[in-house]
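2 protein chains.
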Amino acid sequence: MMNIRFEQAATLKPKPDIDTVKFGSTYSDYMFVMDYNVDKGWYDPRIVPFQNISLNPASIVLNYALEIFEGLKAYRTEDGRIQMFRVDENGKRMQNSAARMALPDLPYETFVEAVEALARVEKDWVPSKPNTSLYFRPVMMATNADLSLHGCTDCMFYIFCSPVGSYYPGGLKCNSILVEDEDVRAVRGGTGFAKCGGNYACAQRAANRANAKNYNDVLWLDGVERRYVEEVGGMNIMFKVGSTVMTPALLGSVLPGITRKSIVELLKEDGYTVEEKKIDINDVAKLLEEGKVDEVWGCGTAAVISPVGKLCIHGKDYVINNNEVGPLSRRLYDMLTGIQWGRVSDTHGWVFPID
Amino acid sequence: MMNIRFEQAATLKPKPDIDTVKFGSTYSDYMFVMDYNVDKGWYDPRIVPFQNISLNPASIVLNYALEIFEGLKAYRTEDGRIQMFRVDENGKRMQNSAARMALPDLPYETFVEAVEALARVEKDWVPSKPNTSLYFRPVMMATNADLSLHGCTDCMFYIFCSPVGSYYPGGLKCNSILVEDEDVRAVRGGTGFAKCGGNYACAQRAANRANAKNYNDVLWLDGVERRYVEEVGGMNIMFKVGSTVMTPALLGSVLPGITRKSIVELLKEDGYTVEEKKIDINDVAKLLEEGKVDEVWGCGTAAVISPVGKLCIHGKDYVINNNEVGPLSRRLYDMLTGIQWGRVSDTHGWVFPID
Ligand SMILES: Cc1ncc(COP(=O)(O)O)c(C=O)c1O
Ligand SMILES: Cc1ncc(COP(=O)(O)O)c(C=O)c1O
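Order-wise, the sequence lines are chains A and B.
So the first sequence is numbered by our numbering: it starts at 141 and just counts up by one.
So the second sequence is numbered by our numbering: it starts at 141 and just counts up by one.
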């Protein structure tokens, strides 16, 4: 157990209107911070008022992007309790990300402890309207100032919170997705499976181009053959074809989503055949042409389920399920949000109650 | 022309001992800073005391690594003048990097103006011992706080300076390089040609492993077939085979080095055949086995020329030119450093005098 120092804020901020708050632009009163030095290990865990971070212009994170992050949420149940979802999985993924990026190891138990401690302090920030939540953003970054590429000797781990409204204020809704043919996000041997900033920086241009063409997001193809489906900007992807659900296998270039993992379990329990495999985008196009794809959805912490109503492959738009939310998409959304917001009992041990 | 505001430092720092200073860990008195906002464009160019940067924990650079950088040097001639090298090329490369990363465009002329202005202020920091210099590190990063991946609306461009000793205090010396077989740095369609932090973050693990095995650096292979030579951690690479010099073509995954570009010109003037092409590492191994590779060197701003004496390919060490500095490596080093430090007259228009 950590001995977490607490530094009281002089004043607390007013809570924002949860119906109009923009994702990731309002922050709660406190943040968790812990430092690392190669000789000392992790030290000085503390919960302090949310504040700017002061960095040397030569710090490794600013020059060489040596940083990783996570994303998870705290949910308020109808009877007012606070709970989180599979926090240990986020902690384990951060350990894997750290190993890939040569950042120091933070045991996932410590990660969980830090998230829970901050969640307890920021309980009042967890909104109560249906499908709203408090988003937690853990970040680990190399802070030592050194241009010589000799790696991380000093590091900072911090977590801040941001209240988020309902992703679907008008109810579950379809998205349109553009398959990206020019830019590549990740390649085996690279950092695709790690949640590091570089994966998102390299994706910004394609996302901007897709948005300009009125698509909500990009679907990435593999970097080697440019034909195997990988994932959406911030979500994994799944295709329902009859009683089979296909999703790209985790071969190193795709982020192992915790929503993805949970859905795979739920689908198997429901009797679906789940195929985690290489999925050729041209086969997807063929199946779409033959009318064999019943539903497509993205899945991730932000939207839980993001039904895809339109998919543009090599310049051709395919409409899926009449651009309407399919029954399995809806069922998965209801099951997962049910567990997360405590409307459905947690038979998997996924819920982390915050008391 | 920019109207650069100047903020005087209260005290100036003592200059370090240039023989013992560590690269990139001592900074001069001033830095150049300029801000950007999507509505205002670039604004408030200023030269201010070197100082920490204060960032929102949710800023895009810290979360999504949206940043690029450059690296170049100021040299003191024997008669005390200050000059720089192909500053316009660094500015143009930064424009290309910005376009790839969806960061705002900074015209290269403005980049040059900023570098020159800071160089004039920091003249006294350019050391005078042979082969020492003042390193300039321009950085551009997205500073707006926003987790929603909607891109850069606010940005900061800054340049700081760091004095560097001679790369070869005991004279030009061979390095040993390990060909990396597991990790991948870049792939076509990715960000390899851009000088963005993510390329370096993903390279840290392999560099650490190579160092632990007593190699100085890693040689990267392409991400698609894992057999074409790309570049070294912070340098491009060249192979001399008879009167031909081969170097990997710039196909999107390799940084277009300014040293590389300059050497290609010098070699052609010298009558060498320069082949910019895909170079199969297995062909390199074969040529090495047949004793046909006369010299191998890395090239970049830091070391200028870094002769390779040992190259480990798929677990087998090859010794090149008896692990001694070859005549062409030395000649190129002398030619380039001659131009940079003003010992050789600049017939190419590469020199930027700072007066
Ligand atoms: C690139 C990417 N893929 C997939 C996911 C989904 O992961 P998770 O379900 O753990 O949120 C995310 C983010 O959350 C992501 O950023
Ligand atoms: C990855 C990489 N390749 C090549 C180079 C060489 O480029 P330049 O000659 O412009 O310094 C550098 C850095 O300087 C680099 O970081």
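In short, the hints are calculated from the structure, not lab data.
Don't take every hint at face value.
Given that identical chains are not distinguished, each listed pair holds provided it fits within a single copy or across any two copies.
Said to hold, decoys possible - Here are the simulated SDA-like cross-link-like pairs (lysine to any residue), alpha carbons at most 25 angstroms apart as the crow flies:
| no. | residue 1 | residue 2 |
| --- | --- | --- |
| 1 | K269 | N351 |
| 2 | K313 | F163 |
| 3 | K418 | D321 |
| 4 | K426 | Y412 |
| 5 | K263 | V459 |
| 6 | K408 | R221 |
| 7 | K232 | P493 |
| 8 | K232 | K313 |
| 9 | K313 | K401 |
| 10 | K232 | D179 |
| 11 | K417 | V161 |
| 12 | K162 | N177 |
| 13 | K432 | G310 |
| 14 | K162 | D294 |
| 15 | K353 | S485 |
| 16 | K263 | V491 |
| 17 | K155 | N284 |
| 18 | K418 | R366 |
| 19 | K263 | A285 |
| 20 | K162 | Y308 |
| 21 | K417 | V364 |
| 22 | K432 | V188 |
| 23 | K456 | T217 |
| 24 | K417 | R366 |
| 25 | K456 | L390 |
| 26 | K456 | R328 |
| 27 | K417 | D323 |
| 28 | K232 | R349 |
Since the model is a prediction, treat every value here as computed from it, not as a measurement.
Original post:
Honestly, which of those hints from before does the structure not fit?
Top reply: Numbers 1, 5, 6, 8, 11, 13, 15, 22, 23 and 25, in rising order.
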